[in-house]
Each structure stands twice: as C-alpha cells, then as structure tokens.
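K.L.:
Each chain, letter by letter, is given below.
2 protein chains.
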Amino acid sequence: MALAKRPLRVDVVIFAIRDKTLQVLLWKRAEAPFRGAWSLPGGFVGKDEPIEDAARRVLEEETGFTEEVYLEQLYTFAHPKMDPRGELVSVSYYAVATTSRESPDGTFHAARRAPSLAFHHDDVLRRGIHRLRTKAEYSTVPLRFLDEPFTLSDVQAVYEVLLDRNLDKRNFRRKMLALDVLEETQEKRRTGAHRPAQLYRLSSRRTYLLKERGILFPF
Amino acid sequence: MALAKRPLRVDVVIFAIRDKTLQVLLWKRAEAPFRGAWSLPGGFVGKDEPIEDAARRVLEEETGFTEEVYLEQLYTFAHPKMDPRGELVSVSYYAVATTSRESPDGTFHAARRAPSLAFHHDDVLRRGIHRLRTKAEYSTVPLRFLDEPFTLSDVQAVYEVLLDRNLDKRNFRRKMLALDVLEETQEKRRTGAHRPAQLYRLSSRRTYLLKERGILFPF
Chain A
1 MALAKRPLRV
11 DVVIFAIRDK
21 TLQVLLWKRA
31 EAPFRGAWSL
41 PGGFVGKDEP
51 IEDAARRVLE
61 EETGFTEEVY
71 LEQLYTFAHP
81 KMDPRGELVS
91 VSYYAVATTS
101 RESPDGTFHA
111 ARRAPSLAFH
121 HDDVLRRGIH
131 RLRTKAEYST
141 VPLRFLDEPF
151 TLSDVQAVYE
161 VLLDRNLDKR
171 NFRRKMLALD
181 VLEETQEKRR
191 TGAHRPAQLY
201 RLSSRRTYLL
211 KERGILFPF
Chain B
1 MALAKRPLRV
11 DVVIFAIRDK
21 TLQVLLWKRA
31 EAPFRGAWSL
41 PGGFVGKDEP
51 IEDAARRVLE
61 EETGFTEEVY
71 LEQLYTFAHP
81 KMDPRGELVS
91 VSYYAVATTS
101 RESPDGTFHA
111 ARRAPSLAFH
121 HDDVLRRGIH
131 RLRTKAEYST
141 VPLRFLDEPF
151 TLSDVQAVYE
161 VLLDRNLDKR
171 NFRRKMLALD
181 VLEETQEKRR
191 TGAHRPAQLY
201 RLSSRRTYLL
211 KERGILFPF
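Chains as they are written, first to last, in the working numbering: chain A, 1 to 219; chain B, 1 to 219.
Hints in this document: simulated from the structure, not taken from any laboratory. Being a predicted model, the structure only gives us computed values, none of them experimental. One thing to keep in mind: the hints can contain errors.
You can't tell identical chains apart in this list, so a pair holds if it fits in one copy or across any two.
[What the hints assert, rightly or not] Below, a list of computed lysine-lysine pairs in the BS3-like style, where the Cα atoms sit at most 27 Å apart: (1) LYS5 x LYS47; (2) LYS28 x LYS188; (3) LYS5 x LYS20; (4) LYS175 x LYS81; (5) LYS5 x LYS81; (6) LYS188 x LYS169; (7) LYS135 x LYS175; (8) LYS188 x LYS135; (9) LYS47 x LYS81; (10) LYS47 x LYS175; (11) LYS169 x LYS81; (12) LYS175 x LYS28; (13) LYS135 x LYS47; (14) LYS188 x LYS81; (15) LYS5 x LYS135; (16) LYS81 x LYS20.
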C-alpha cells in the first residue's frame, strides 16, 4: 500500500478553575475555515519535533504560561472528514492551569457551557472534561489547579467543582491529610472573623494515585 | 511553517488471559528493520481511512479475530527517532481477547516477561499493562476476557491475574453480583466432586465504571 502522509497537529484543552467553575481557554478564529468560531488553541508539529515538545510549545508560546503546568495526552483524532483543509492527525492534550494564570490571546469560558467549537473540538473538550472528572475520583491531578499556598478549604472547593457535588468537610480533611501530599507552610490566612486557616503547598513527594495510599473513594 | 507530513500507523496490544497469566500477542518480524525481533501487530492507515477502522482492521484481518473484541485507544507516539524508516505517527490501541481466541500469525507471550520488542513497542506494552491494571481497579473491562458462559470463579481468576493478588472469595462474589453486570444462564458446570457452579454471561446492560454502582474498591 502506498503510504498516505498527513500533517500532524496538537490541540490543547487548557483548564482552570475560576469563580468556582471549571473553565476552558478558547480562541476566536481569525481565519477560514470556521472564521469567527471559537476553538481550542493548537498548532502543527514541525519536522523533527517530538510531539510532547509541540504540545508544551503551544501551551507556553501561545498562552503565555511559562511555568510548569500539568500536561497529559488525551486522545488522537484522525477522521478523513475532520478538517476541510484535508486529512490530518490531531493529537489532543489537556493542561491544568492555576487560577491566577492569564492568557494574552484567549478567553476563559465555563467548560460545561462552552459555545459550539470549530472542527472536532467539541469532542476534544467533552473527552477532556470526562478525563478530568475521572481523575478527580482517583488521583491528585486536581491539586495542580491551586496557586500556592492554599488552605484545605481551597482544596475541597476544587474537588467539589470537579465532582459537582458537596463533600463532607471533616471527612474530606481527614482523608486529604492522610494522603500525605500536602506540606504545611509557616503561614496562616485570616479571612473575616474566622480562625486563621493553615496554609499548605504541594509536597514534592506527592503521589499520583490516591489509592496508593489506601484511600477509599468517593471522599 | 511548511507542513511536515508523516505516515500514520496503528499498533495494537492484544491481551488474553491463558494459563492464569496475562498474555500478549507478538509477531516475529520477517523484514528489516528489526528483522527477527518480536513486535506488536500493526499496520499503516490508508488514505481516507478513519483511524478506528484501521485499528479494527489490524485486529480482525491480521489476527483472525472476527467477533466483537474490546478495543480502546491507548497512546500516540511521534518521536522523530522512533523508526529508522523515517518520521511517522504511531497510534496505539489495546484489545481484550477471550481465552479461546487463536491467532494464525502471532504467538502469545507472558506480558510481564515479554522479550524485548522492536521500535518503541516496549513502551506501548508497558502503557497497555498499566492501563489494563488501572481499569481492573475501577471498571468492568476485565469481564471482556471471559468466554461465555463462565462461573464466578472464572471472573475472580481474571481479576486476580490483573491485580496480581488474591481476593477474598465471599467479598468478591457479593460485590460482583451487586454490580448487576452478570446474567444467570440456565446451565451449571460440574467440576470434580464440587457442587455444580452457576454459569453466567455478560448482561447487555453492563456498566462500564464499577463506581456507577457505588462499589468501593479494592475488592
């Protein structure tokens, strides 16, 4: 069989939690096809460029995020009719940005009420939300949404947004501390008339899978 | 940037459980590069061919499996130095075959003691084993290893192989039946002097995620 060759792209779902809502970074397309439509940030992979480098490049160059951001491959799409410009391969990634990150070119939108997206990007976004929600059930990936230092209430708020339900405060705190993934800082934060809250940062020895610590789910 | 185009491949990790061991189907390469080395079955994706169809084609044409086999996309590799024939994109899948399936061209090997593989296939296999093991912790994918009809002991044996530990029989049976993913058949199987064992098949309404039924892990 003659080898069919295709251009290779990366498309990146950049999530953040803002205003107690899961948000996703979108761009308004300035050019055809789908001119004026919203889409995920992305770009073509150069010759001799490893695909992971291309994903990191899109994340860093085009959104202005330069610090370490959690990035994970999501799914690969290669349907002949996917792009009116011709056959291509789109490898999607998702990234977890902290709340304080801003993008020079894009706009954050509520992920579950996002506008209809160009190309196959609705599918990519749907898979990204599903993956992230699943990871919230069994991994510490959600902690990557937090700007350091943070309180245990901040951590609980992240899990509540992702799982879309309220969690029991005492249970959550007990289990989260038992995971041994948080480190106490020397500081506390005072909010209103409340008792000052202990501030934490991520431990460098944080585990990825909650069950490695024998924690049963759901919280 | 000029668009770099690459050939697109699929490579498939075909798992089965045989002799109480997780096994993987391998081929001995007849041609360069890596002539004589073991590799995963795979092939190039044709022009206008959706990638999922290509993966299913490799699974069906080249292994002789024609019936419905569980197939899931695993990971995409696109490193410039991956293949001596030049840059390409390899999208890997894994498949769950039942014990009775035979392959005309390949040989099953113990997955955790497989020989060193050609190209980047060691990486693919390692990711496949990891994904399958993770799914055994929270999904019903492992049931797809079973030829129907099967006993509850058969089911337990599959989970024990994947999780690599012994499970308590009473607990396992209680939780597995509570999942409501198995259907009793009219038959029983008699083995030696034991009481005849009830035979089951997969329910058509089987859920994918165990936690949808509120089952806590580990078993």
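K.L.:
Each hint: holds or not?
P.N.:
Status of each hint after checking the structure:
In the homo-oligomer, the alpha carbons of LYS5 and LYS47 lie at most 27 Å apart both inside one protomer (13 Å) and across protomers (8 Å), since each shortest distance falls under that limit. Proximity of LYS28 and LYS188 under a CA criterion of 27 Å is satisfied in neither setting, with 41 Å inside one chain copy and 62 Å between copies. Proximity of LYS5 and LYS20 under a CA criterion of 27 Å is satisfied in neither setting, with 44 Å inside one chain copy and 42 Å between copies. Taking CA atoms no more than 27 Å apart as the test, LYS175 paired with LYS81 passes in neither setting, with 47 Å inside one copy and 44 Å between copies.
For the identical chains of this complex, LYS5 and LYS81 are neighbours both inside a copy (15 Å) and across copies (17 Å), given an alpha-carbon limit of 27 Å. For a Cα distance limit of 27 Å, the shortest separation of LYS188 from LYS169 inside one copy, 19 Å, qualifies, whereas the shortest one across copies, 49 Å, does not. Within a single copy, LYS135 and LYS175 get their C-alpha atoms as close as 16 Å, and across copies as close as 23 Å, so both meet the 27 Å cut-off. Taking CA atoms no more than 27 Å apart as the test, LYS188 paired with LYS135 passes in neither setting, with 29 Å inside one copy and 40 Å between copies.
For the homomeric pair LYS47 and LYS81, the shortest alpha-carbon distances inside one copy (24 Å) and between copies (11 Å) are both at most 27 Å. Neither within a single protomer nor between protomers do LYS47 and LYS175 lie at most 27 Å apart by alpha-carbon distance, with minima of 47 Å and 52 Å respectively. Taking the closest pair of Cα atoms, LYS169 and LYS81 never come within 27 Å of each other, the shortest separation being 49 Å inside a single copy and 50 Å across copies. Neither within a single protomer nor between protomers do LYS175 and LYS28 lie at most 27 Å apart by alpha-carbon distance, with minima of 42 Å and 49 Å respectively.
Taking the shortest Cα distances, LYS135 and LYS47 never come within 27 Å of each other, neither inside one copy (33 Å) nor across copies (35 Å). Taking the shortest Cα distances, LYS188 and LYS81 never come within 27 Å of each other, neither inside one copy (55 Å) nor across copies (50 Å). Proximity of LYS5 to LYS135 under the C-alpha cut-off of 27 Å is found in neither arrangement, the shortest distances being 34 Å within a copy and 34 Å between copies. Taking the shortest alpha-carbon separations for LYS81 and LYS20, neither the intra-copy value of 37 Å nor the inter-copy value of 44 Å comes in at or below 27 Å.
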